[in-house]
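**Q** Take a look at the letters that make up each chain.
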Amino acid sequence: MSCRELVALVTEYLEGTLPRFERLRFERHVAVCPPCRAHLDQMRETIRASGAITEESISPSARDDLLEAFADWSER
Amino acid sequence: MEPHAPVGERTPVDESALVEALRRGDRDAFATLVDANSRWMMRIALSHVSSRASAEDAVQEAWLRCLRGLDGFQGRSALKSWLFVIVTNCARRRAEHDSRSVPFSELVRREAESVEPEPLEDRFFDDSHRRWPGAWSTFSHGWEALPEQRLLAREVAGRIECAASRLSEGQRAVFLLRDVEGWSSEDVCNALEISGSNQRVLLHRARHAIRAELEEYLEGGEQS
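Taken in order, these protein sequences are the chains called A and B. Quick note on this note's numbering: the first sequence kicks off at 1 and runs consecutively. Quick note on this note's numbering: the second sequence kicks off at 77 and runs consecutively.
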């Protein structure tokens, strides 16, 4: 497996969708190629950092409005 | 990390019981549902509109539509896939510039099937290179020397959000749901009505774009 091929397959590998034989080729390449190992680590770190992003929910007043709307809806 | 370990998988709740409770008028059930889902719905809405206020309006509207449509909800799709479609439509309607003639799902499918060059193509030696055919010509550096706090810092989150905002619609939707929200790939495919392989194509392009942004930031832009 070439470095280029490895970069193209990195998402399939991380998603666990590479066929067994391809996975073994992938892992054999990573074992002997430091730049590809670094690349794979970077992709994992990218996913980890992305999963750590937080977002605020709707405001308490918007939530209250929704619960009120629900009460109206359930009395229909 | 094992290659097969899905990122941030979450346990499904018993949805038919939940929907039943809503139909009965169980206010606590609705509050639980709103609390469990409004945060990611805000994120999706924010990826279409430009202000928090208008994102919040879109999320509120989505919940009202959800209630109105509840009696017709068959449970064929997961509740959150359904919520995703509703909140996306509400937010897109609010975003003035959207191309309304093309349905979102169609847009995502077209994009997944479009042909784009592989990322990082410029960083490899040519296949005809005498000594290193197809090998890295510009090395990637390991990031393991970076302190944990730096990688998970607010600033990194800001760079990721900024890079995500420049992604195409399909890539952004897949990235936000799969990597940021940690949905299973099955849930992402259902919400976006795309195949698993199309989903991975979009995710692949998105992750490479985000990685490149972090590389520029973490390595001080020494590689262009």
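Simulated from the structure, these hints should not be mistaken for lab results. Values in this document were obtained by computation on a predicted structure and should not be read as measured data. One or more of the hints may lead you astray.
[As the list claims (entries may be wrong)] Residues on chain A that point at chain B, a partial pick, calculated with CB under 10 Å:
1. 31
2. 36
3. 54
4. 66
For each residue, glycine too, the CB sits at the ideal point set by N, CA and C.
**Q** Run the structure past the numbered hints and jot down the numbers of the failing ones, going up.
**A** Failing hint: just 1.
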